[in-house]
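> Using the hints, position chain B against chain A.
There are 2 protein chains.
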Amino acid sequence: MKLKRNERIGALIKILSDHPNEIFTLSYFTDRFYAAKSTISEDIVVAKKLMEDLHLGKIETIAGAAGGVKYMPLISREDSKKFLEEISNKLSDPGRIIPGAFLYMADIIYNPSLVRKMGEIFATQFVEESIDYVVTVETKGIPLAMMTANALNVPLIILRRDSKVTEGSTVSINYVSGSTGKIQTMSVAKRAIKHGANVIIIDDFMKAGGTAKGMTDIIQEFEGHVKGIGVMIATREPKEKLVQDYVPLLILDKVDPICQQILIYPNEKLF
Amino acid sequence: MKLKRNERIGALIKILSDHPNEIFTLSYFTDRFYAAKSTISEDIVVAKKLMEDLHLGKIETIAGAAGGVKYMPLISREDSKKFLEEISNKLSDPGRIIPGAFLYMADIIYNPSLVRKMGEIFATQFVEESIDYVVTVETKGIPLAMMTANALNVPLIILRRDSKVTEGSTVSINYVSGSTGKIQTMSVAKRAIKHGANVIIIDDFMKAGGTAKGMTDIIQEFEGHVKGIGVMIATREPKEKLVQDYVPLLILDKVDPICQQILIYPNEKLF
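Protein chains in written order, with UniProt numbering: chain A, 1 to 271; chain B, 1 to 271.
For the record, the hints were derived by calculation from the structure and aren't laboratory data. From a predicted model like this one, the values you see are computed outputs, not experimental measurements. Watch out, some of these pointers could steer you wrong.
If several chains are the same, the list does not tell them apart, and a pair holds so long as it fits within one copy or across any two.
Said to hold, decoys possible - Straight line, CA to CA, 30 Å or less: simulated DSS-like cross-link-like pairs of lysine-lysine:
no.: 1; residue 1: Lys194; residue 2: Lys254
no.: 2; residue 1: Lys239; residue 2: Lys90
no.: 3; residue 1: Lys90; residue 2: Lys190
no.: 4; residue 1: Lys227; residue 2: Lys239
Excised from the complex, chain A in its bound form (with noise of 0.2 Å):
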């Protein structure tokens, strides 16, 4: 089918958007929208401004044999720092106490438009480095890392509690909670991880960072690299955590059930 440039531009910037971070041939377009290499360069022209314009996104072009163009999900510095004074506000209501001071926030991790959005800063924030995987461990950071993982077109490993008999030969190791002291058990499928990988972490909360130090040491046992680590929200306190380099979107400073009071951020390094 022949498409006006109008629908060209349209179809270009779905098929581009819905397979973030995937390289598109030229030739992909120009054999699926029957247009010449130049017509299809002059469109990817203009979707690149468009994207740029209204903060939606990035179009790059890449050079070379296998150059084409794709698209990355990254957003601006201004709407991460709108968006997460938003999610601070949420999550600042005293309502969400919960015994032992904790915070209820299932409602903010489970709701896809909002950890969809976490994850493309995430991938943003770790654009740069050429990612294989994104590891999070069970249960409440996977959607997030799952999000972040989309965001960068990559797989996700999902590490478990426990080895459950239906992944086949596992490795598992043995770390302490940073918080509590307690030993704990973190495995994952042998054929999950490829030697050798670069992988980010990202999880929901970090306290003491117990549980990344763990991840990461699983990820030495694949002997892979680990160019990243991104936690929903850190604690302020302890300030020295087990891992270093963690980038957090919000700091929680206090959680106070006696004045029913929260206090929690954007971490301002991100803008």
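For chain B alone, kept in the frame of chain A given last:
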């Protein structure tokens, strides 16, 4: 910023498809694009036809006071068929057989672009129901359930295998696993599900249906209504499951470790 027609159509498609199943008013676009209502209406007609012609989902206009326009990532029967045949082929690889006659499938159920498409097939199946939540139980079905929730633009509910202290007061049930006969527990925060809600249940695998039955039971504790059950894979045997009216994407007929053979095929009723 004033946009040209081809830019408006590109931006309109991008914004709508980034927010599946969310209604945007015409005023949203007239304000954002500095264009007249009649102009935006014409753009929508072009975008609508384009999505249908290229099988990229459906743009719907909703009349009335709460009206506007929304995008649904619906998958055509032909596209579903082709896609599920590819997944069947991948899953038929005898190298996937794991001791215990299980099937290794982490590389598929944790692959963002594959589970995203499966989620869109479920959304296509259940879009006519007015759904409040997608419900799943940890762990392996979470990515698929998340992508289904994303396509339908509703929150995800993750039932836990045990009650965690960080979710406040919980509702728990015991249920009997249909295949092993073992008693298991699942629980969810009381505040997670509003009373009388319409839900669909999504999981990766169904054998006897005990887990799906358990999820149905816990939804009934909230006086909710199960409007559909979707599983990625259902085994052919036992034919009589503990739940009725479930929708599998794939039927697993046989995993034979002796002959190194896997028999799995798409659910023909979907096409």
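> Pop the pair Lys194 and Lys254 into one bin, within, between, both or neither, using alpha-carbon distances up to 30 Å.
Intra 40 Å, inter 29 Å, cutoff 30 Å: inter-copy only.
> Which holds for Lys90 with Lys190 at a C-alpha limit of 30 Å: within a copy, between copies, both or neither?
For Lys90 and Lys190, the Cα distance is within 30 Å only across copies (19 Å; inside one copy 40 Å).
> When no copy is named, should Lys227 and Lys239 be tagged within, between, both, or neither for a Cα gap of at most 30 Å?
For Lys227 and Lys239, only the intra-copy Cα distance (21 Å) is at most 30 Å; the inter-copy one is 47 Å.
> How would you label the pair Lys239, Lys90 (within, between, both, or neither) given a Cα cut-off of 30 Å?
within (24 Å within a copy, 47 Å between copies)
The structure agrees with every numbered hint stated previously.
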